[in-house]
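*Asks:* Can you make the complete structure from the sequences, with help from the hints?
There are 2 protein chains.
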Amino acid sequence: MTHAPADAAFADTLRDRLSPKAFREAEPRYFEEPRGRWSSPNGLVLAPGDVEEVRTILMAANEARVRVVPYGGGTGLVGGQVIGAGAAPLVLSMERMNRIREVFPEENVIVAEAGVILQDLHDAAEKVDRLFPMSLAAKGTARIGGNLATNAGGVNVLRYGNTRELCLGLEAVLPDGRVLSGLTRLRKDNTGYDLRNLLIGSEGTLAVITAAALKLAPVPPEQGTAILVVESPEAALSLLSLARGQLGDGVSAFELIDGTGLDFLEETMPQVKRPFAPAPPWMVLIDVGLARGNDPQEALMALFEAAAGEGLVSDGVIAQSEGQRAELWDLRETIPLANREIGGVCSHDVSLPLSVIPDFIRRGAELVAGLGPFRINCFGHLGDGNLHYNLFPPKGETRDAYMPRTAEIYEAVHDLVVSLGGSFSAEHGVGRLKVGELERYGDPVRLELMRGIKRLFDPNGIMNPGAVLAAG
Amino acid sequence: MTHAPADAAFADTLRDRLSPKAFREAEPRYFEEPRGRWSSPNGLVLAPGDVEEVRTILMAANEARVRVVPYGGGTGLVGGQVIGAGAAPLVLSMERMNRIREVFPEENVIVAEAGVILQDLHDAAEKVDRLFPMSLAAKGTARIGGNLATNAGGVNVLRYGNTRELCLGLEAVLPDGRVLSGLTRLRKDNTGYDLRNLLIGSEGTLAVITAAALKLAPVPPEQGTAILVVESPEAALSLLSLARGQLGDGVSAFELIDGTGLDFLEETMPQVKRPFAPAPPWMVLIDVGLARGNDPQEALMALFEAAAGEGLVSDGVIAQSEGQRAELWDLRETIPLANREIGGVCSHDVSLPLSVIPDFIRRGAELVAGLGPFRINCFGHLGDGNLHYNLFPPKGETRDAYMPRTAEIYEAVHDLVVSLGGSFSAEHGVGRLKVGELERYGDPVRLELMRGIKRLFDPNGIMNPGAVLAAG
Chain F
1 MTHAPADAAF ADTLRDRLSP KAFREAEPRY FEEPRGRWSS PNGLVLAPGD
51 VEEVRTILMA ANEARVRVVP YGGGTGLVGG QVIGAGAAPL VLSMERMNRI
101 REVFPEENVI VAEAGVILQD LHDAAEKVDR LFPMSLAAKG TARIGGNLAT
151 NAGGVNVLRY GNTRELCLGL EAVLPDGRVL SGLTRLRKDN TGYDLRNLLI
201 GSEGTLAVIT AAALKLAPVP PEQGTAILVV ESPEAALSLL SLARGQLGDG
251 VSAFELIDGT GLDFLEETMP QVKRPFAPAP PWMVLIDVGL ARGNDPQEAL
301 MALFEAAAGE GLVSDGVIAQ SEGQRAELWD LRETIPLANR EIGGVCSHDV
351 SLPLSVIPDF IRRGAELVAG LGPFRINCFG HLGDGNLHYN LFPPKGETRD
401 AYMPRTAEIY EAVHDLVVSL GGSFSAEHGV GRLKVGELER YGDPVRLELM
451 RGIKRLFDPN GIMNPGAVLA AG
Chain B
1 MTHAPADAAF ADTLRDRLSP KAFREAEPRY FEEPRGRWSS PNGLVLAPGD
51 VEEVRTILMA ANEARVRVVP YGGGTGLVGG QVIGAGAAPL VLSMERMNRI
101 REVFPEENVI VAEAGVILQD LHDAAEKVDR LFPMSLAAKG TARIGGNLAT
151 NAGGVNVLRY GNTRELCLGL EAVLPDGRVL SGLTRLRKDN TGYDLRNLLI
201 GSEGTLAVIT AAALKLAPVP PEQGTAILVV ESPEAALSLL SLARGQLGDG
251 VSAFELIDGT GLDFLEETMP QVKRPFAPAP PWMVLIDVGL ARGNDPQEAL
301 MALFEAAAGE GLVSDGVIAQ SEGQRAELWD LRETIPLANR EIGGVCSHDV
351 SLPLSVIPDF IRRGAELVAG LGPFRINCFG HLGDGNLHYN LFPPKGETRD
401 AYMPRTAEIY EAVHDLVVSL GGSFSAEHGV GRLKVGELER YGDPVRLELM
451 RGIKRLFDPN GIMNPGAVLA AG
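Residue numbers (the UniProt record's numbering), protein chains in the order written: chain F, 1 to 472; chain B, 1 to 472.
The set of hints was computed from the structure by calculation and includes no laboratory data. One thing to keep in mind: the hints can contain errors.
Which copy is meant is left open, because identical chains are indistinguishable; a pair holds if it fits in one copy or across any two.
Claimed, not checked - Cross-link-like lysine to any residue pairs, in silico, SDA-like; alpha carbons within 25 Å at most:
(1) K454 with R164
(2) K127 with L242
(3) K454 with G472
(4) K454 with D176
(5) K454 with D443
(6) K454 with A87
(7) K127 with S355
(8) K454 with G169
(9) K127 with L183
*Replies:* Shown next as structure tokens:
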């Protein structure tokens with residue numbers, strides 16, 4: 001499909017139909033992404049202030065065949081927010097639609113516009129003594145519209161589900177300006193096909209999400225956190241099973257930490273307090289939320305003792321205060337920053353059936369050893385079967401010499417993952433990074449139906465073309 | 001669209017391509033539904049034994065333009081399983097595809113074919129010390145494929161979600177015989193548009209679900225149940241809030257019971273033990289699942305005392321044994337049977353934002369009083385905002401005289417529900433009963449997209465035509 005540029009002439013056609021505030025300076029950040037792999041050609045940045053302005057912009061773009069990139073916090077890791085070569089795009093930044101529209105504490109519901117920053121959503125929930133459970137390292141920048149568009153995961157999926165499971169209703173604008181008004185706050189609503197979940201995870205290729213009704217949760221009355229040293233990935237899984245047996249679904253997060261992650265922290269941020277030195281090969285961060293009257297330290301100690309009795313764990317730190325809990329979580333959340341300092345060669349966001357994870361870690365290490373002298377930092381949301389399997393250059397080297405090999409490495413690792421029944425994109429999405437993977441590994445019937453749905457929603461192909469599906 | 005009948009000549013074309021076991025006797029039960037409002041014309045009943053047989057049947061039907069009704073346990077309450085007037089249909093019964101394909105206790109996953117009866121799924125989970133949480137009164141007959149096709153709700157949605165939230169992956173056959181192979185057991189898999197949730201809740205109008213990978217849950221280590229007498233619907237909601245404050249999401253079910261329900265039990269099944277006589281106007285059944293070491297009776301007693309202190313509850317029964325728990329649950333599950341004995345005039349399956357429920361109950365009673373001398377039994381899944389708002393004739397009368405008025409009553413009640421931000425179908429689906437409601441109350445943009453999706457999946461319109469969307 002041929003697209004027109006979002007140039008000055010196009011901008012002028014909108015000048016008297018939008019508030020002057022909608023016209024943003026075309027700063028470089030709108031055309032880049034965190035890993036610096038892709039960029040957009042310089043284009044037009046528009047920030048609508050309400051649904052009506054979104055409609056105006058989309059109708060103009062649809063008529064003129066201008067490519068539109070819906071833009072949240074720009075923190076995505078798969079290039080969904082940068083459109084690559086071609087006509088200058090229209091970056092539709094949701095930053096001005098950042099209102100919490102309504103809060104219903106007694107219903108555990110919050111209605112937020114797409115541009116609300118995740119941290120602000122957390123704060124708004126906390127203000128009414130509630131929890132918005134979805135949380136990830138980029139929460140200070142990521143916006144909820146982007147989290148919805150990518151069905152973001154994060155650290156609390158084990159207990160609360162992905163962003164999808166936290167969304168009750170959506171308001172969205174189709175490329176031709178029609179508004180999908182589905183901002184219901186109902187827990188049950190079986191009235192036809194599920195378009196909400198079709199838009200969630202569609203990465204801005206079907207419509208622009210403008211607002212959402214989201215679930216809040218009660219703040220668990222008693223919370224606790226520990227990092228336990230486990231003997232192996234197998235032991236980590238047995239510990240998960242033991243923990244869920246003892247605490248039911250009181251286990252809210254279960255994160256695998258690779259000793260390499262602590263080594264990276266030592267190398268790049270020696271000021272960060274590390275609980276064990278030297279770093280043991282494998283650790284697990286476990287977070288629990290329990291009913292009133294339970295002592296979370298006691299519960300975690302009982303878990304540790306039972307696990308030690310089975311030879312699963314050898315050491316551990318149980319937070320004794322909220323301050324210590326925050327420190328343990330900071331440690332977990334700082335690992336991605338340390339990774340960035342070291343400079344990764346390949347970062348895989350994979351998921352696997354839980355029971356094959358130890359096998360994957362063993363076979364992955366063998367595979368990678370055959371590919372070169374890489375250091376592996378394999379960490380992530382073990383309770384969800386989601387690993388961030390990241391490869392780094394040997395100590396003392398930079399990644400530059402290895403970058404030409406990334407395609408080969410991605411393919412080898414993803415082949416292994418898929419052969420074990422796993423997914424090449426657990427929580428980051430397809431974006432532009434994994435379009436080839438989706439074509440290679442995806443069910444062809446599903447892909448055909450996806451292309452049909454894309455044509456139905458976006459017949460002119462203006463919505464984030466080239467993301468998820470190859471541009472037509 | 002014109003359809004051909006599934007007559008003897010059509011059956012003969014399949015005779016040598018299917019196992020003889022696939023040809024079932026065309027018993028009346030396949031052409032009726034529990035409430036006796038609709039029926040199908042007598043047609044052909046085929047029960048495929050595997051995916052290949054499903055493909056064979058659908059391809060033949062698609063080519064011949066024969067209408068297909070996917071058929072599970074036949075327990076649906078909105079006529080989704082009976083096709084109404086027109087050419088003789090092909091009833092595609094999933095009864096022979098009733099295998100549990102695999103169980104992964106360590107992953108909390110079970111893979112079941114569509115024809116597995118819900119109770120058998122419960123039993124298979126229990127055998128490995130796990131819980132399949134979705135449960136409803138028809139569990140002895142309903143099949144999981146039907147539960148998926150209608151996104152069934154039931155009594156544990158508050159804690160575990162609807163059927164949708166319990167499904168990780170689907171296998172399905174499109175009307176042209178293509179197979180959607182999505183039987184993943186992954187908790188996170190962000191690889192393109194969500195077709196799984198599009199099929200879930202599509203009521204057999206897009207494809208035939210043949211198998212699903214479903215979530216299991218750990219059995220909560222400590223469980224308890226109580227029925228508490230609440231002063232009013234407002235008090236019931238305050239009690240829910242108090243319970244969740246004390247027990248976090250340890251509250252697994254929170255069911256409103258109307259005194260009228262107990263009166264109906266007394267009238268129709270005096271042998272069923274009732275905890276209070278005379279029946280108080282409102283009660284709540286509350287079920288809790290707690291971490292090991294908690295005493296559920298104590299927790300429920302503490303809740304009762306706190307609630308009594310706030311004037312919310314006046315009496316109650318806390319189960320002291322598993323046997324007593326089962327008795328309290330039996331009481332709840334027997335109410336729909338008592339309703340059927342009395343003979344309802346209208347049964348509404350509505351949902352509302354939690355905070356407007358007391359207002360709905362008050363205004364609904366006024367509305368109904370203006371419509372006639374009906375008895376209201378308003379019960380259901382209060383924690384999910386889902387009420388079964390059912391109207392019955394006065395004591396001593398049968399419903400016959402009132403049946404001509406059902407359309408008028410449905411419209412009045414649904415108008416009220418929708419005006420309060422609620423839904424006219426919470427968990428039963430649209431089926432054939434509520435096609436008009438969906439057209440009247442549904443977002444027209446959403447309906448247009450739904451019709452487009454229907455054409456994409458089922459261009460010949462053979463899949464359960466007339467359900468969800470008016471037949472084209």
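*Asks:* Broken hints, numbered, in rising order?
*Replies:* Per hint list: zero violations.
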